[in-house]
Amino acid sequence: MTHPHGELENISKKVRLDIIDMIYKAGSGHPGGSLSAVEVLVALYFEILKDNDRFFLSNGHVCPALYAVMAEKGVVDKNLLSTYTEIGSALQGHPERTKLKGIENTSGPLGLGLAQAAGYAAIKKNEYVYCMTSDGEHDEGNHWEAVAFAAKYKLSNLIQIVDVNGIQIEGTVEEIMPLGNLKEKYEASGWNVIEIDGHDFGRIIDSIDKVKNVKDRPSVILAKTIFGKGVSFMEGNPDWHAKAPNEKEYKKAMEELK
Amino acid sequence: MMKSMRDGFGEALVELGKKNPDVVVLTADLADSTRVKEFAEAFPDRFFQVGVAEQALVTVAAGMAEAGKIPFTTSYAVFSPGRTFEQIKVTAALSDLPVKIVGSHAGFGASMYGATHQSLEDIALMRVIPNMVVVSPCDYLEAKKATVAVAENGKPSYLRLSRQDSPIITDENSKFEIGKIGILKEGKNPQVAIIGTGPILNEAILAGEELQKNGIEITVINNHTIKPIDELSIIRAAKTCGAVVTIEEHQINGGLGGAIAEVLGRNFPVPIEMIGVNDSFGESAKDYRELWKKFGLTKENIIEAVKKVIVRKSY
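Order-wise, the sequence lines are chains A and B. Quick note on the working numbering: the first sequence kicks off at 1 and runs consecutively. Quick note on the working numbering: the second sequence kicks off at 1 and runs consecutively.
Isolated chain B, as found in the complex (with noise of 0.2 Å):
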């Protein structure tokens, strides 16, 4: 079944409206493409509309959420955090305030509209910020739990979501928890372990069934949370599988693959191989999955990847 993150962050966030009075929901200009039409509609004192003012969006929030609120503010990645990193260093994190910046459209999901609107560096810029947590969830049930967690977490948070219908990877029943992996796909002795983020996590389990027709076992990992990033799961998949291979649909610089990389250079060095936007802008497109193509984030380049990886382990 195909269905959007954003479709699952607005449903969860109706349902938080009705328990909890204390979430409130603040847009630039944006309430219906990043689905909080149905929440403002249910909840219309709890609501505001701030205008295509991204740095109030997330000030402002800050005075809500210091008056005792849990300020969920919704605009595209590009725009928040794309342009509202300092008012997030200052006014949220370090200021310890539960402010919640919820960016969609990341990766290349608003594919049509070009490289402006592309979100490609956001993990990169909220993951180096100290007390942020960062939770990037891969399918539409994943982004009802991660927005419930995210709520409760107390803590000033980026929840990352995408535009586009995704297959649905996870089900009802898998335990959401922020700061714990999930796993996909757990391969008998498995030779790489394939460690992702969001939608694109879904070629690597195509990718997964096709290596192991080949005779290749993998195991999948499905990173949600990027910080505070689950260390002692890394490094064990890492000593299970003795090889890594990082995907995401996002900078390699300073994104999953370089928080991995720097996870287990720390502790416990195996081969990586990384898959994602290599140090370059995205650009128009009718659909993402030809820039996914374009950009080598497919099926095909996971398994080149695997294999290339099983080589570099006999080095």
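In isolation and in its complexed conformation, chain A is listed as follows (with noise of 0.2 Å):
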């Protein structure tokens, strides 16, 4: 590991800040997911990929943090930030392609990031690629689909990371639609499964170290987080899927993210 601990949680922190800056600024975002995915899109940033690697954001609305990792990891410019959301802006509500330099695939619609990253390991063989997914998403059938196919064509360089936080846009993943026994449902479509606590840097970077020897089957990791992180008010409630908070709201997520 080339970064200490201290450092990716101190990067983590900052990330946090930087999320609830740019949608208190914007007036829109979704907070929730943006802070329950922080840890580890930093782990992927600062010490998993490598220059050859790929990663896909299939939950795009998450894209605060991701923006927000890329200009701590310098590919963004950090004075872009201020500009989420706005007119002429690279960084768009949901993030594209054509349009921000680093940014792998347009996302935003759920269900179709992983088929996207299944679709390039199926070509690209010695690369590994990564791909971020939420557990909401996991009712789309487009994300079934690529379940199916990576397994069949035994996509071994793709490695899936699932936020799973619990929450979707009108309830819990419970209440809206229940996935069932998630590792079970995995390992019966032929993937490799490891579940993490998707907060805990050790795990989360150890579990990506296991999965690269498996040779005869896609990955996926169960990233178990809190929903909206860090934030006593909006952890665990639903209603902070997609809402900026008011300026007194601000001000106390910011205090307690400090």
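Bear in mind the hints are in silico, worked out from the structure with no lab data behind them. Note that beta-carbon positions come from the ideal geometry of N, C-alpha and C, so glycine has one too. This list has only true hints and no planted wrong ones.
Covered stretches of chain A (in silico footprint by chain B; criterion: 3 or more residues with CB under 8 Å from a CB of chain B, positions within the stretch not fixed):
(1) 96-107
(2) 112-120
(3) 138-151
Join the two chains, each given in its own frame, into one complex according to the hints.
Right under this line is the structure:
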């Protein structure tokens, strides 16, 4: 590991502050999922992704987290963050590959990213292809079509990380559309599965190292996370799927995240 | 000679496969009937069977395009683009990736299977998407040329194909260029321009021959590229002839008729009669020609429309 955990935690802290800042300034965005995805994205950009590796973000609505991590990494100009969703900005409300260098796939409509990543992985067998998805988007048929495709073609270079934060737009995943036992579903579909705490850098990095050794199947890491992680009044509350904080909430959130 | 467009497509694909290692083919459990079986046998490593999963068909292909390939996706037009509109919009067109959507059995080709399998809306679906190229060839030879042109254009593209054997109405030497109309019959001092797309253009040629016997000269234009549409040539034809009849095996609403009306309405309005399916669903029939007759897409309907539009010129 090149960065000690403390350093990754510091980066995550800055990223969370940026996320709340961007969404507050824009007056729109998806704070809950953005905050839950932070550690996985930081681990990917600072520890895992190598030159020839690719990263596909499927749940594109968490792009404030992606943009902030890319800015910390230096692949996006930090000054751009405050332009998120402004007219003419490279930082679109959902990420677009033709507008911002470093974005692999245009995303936002759910259930598409794993299929795109699988298509890429089927061609570039010598590259590792990472794809972040959300548990909520497992409602989508397109996603499961890709699950079957990746297993059939034994795409062992495809590594999916599911942000299992348990929340979707109108409620908990359990209320809206229960997924059943995701681990067993993936295993039955021919995937290698690891379950981890998605906020634990040690476990994230370790699990990626492990799945890289699996040579006959695609792998999925089910990363259990806390929706809205770090902001007490957002944690686990579906109201914060797509809502910007007001001034009072903004100040409170920034205070808690410092 | 009668041959199908899907056969032209399949043959061209094998030739393309030999020349260009970046051409890959995906199908949604319809390799045989979309005529990609030969490609699959010749290039097994470049062929992907995704199962009855049209959404994956398009999105997996988009990932392959991202990896530098030229993916041809094949299914029936009712399923793709029928089911895959959003996938095409987001992962191909908005993403600016050269994914090729091949919709076979378009129009009434799957006549026996009924309305669920007859694609009369696909042109409208595809032509409304920005950055999308929409090509609808008219015979076996043109399908071959269109396949090659679409492979080489670097753009997200829709290629519309028919199932049935149909007369060859172009020739080996006629030039095919995306975005440029072809002329199938040029009248002397023509009174009407018939602008059509697909194999139904044969009916226009037959109508032209009969009209000529009665002293009415027409020009028959093969509008194989619905998008980008050849505005200049269409305006020129309207100026020369002063009236237009459109013909297509598709809904008039949003189809070729709509596209031509958009061009001429904005640039050079002339009387237009539109032949196509008029806001209704198809139905089962043993032969597609029974449906052409029932829905008013035959030589006789064209002759009637030509006579009507000539009268309207004098209003």
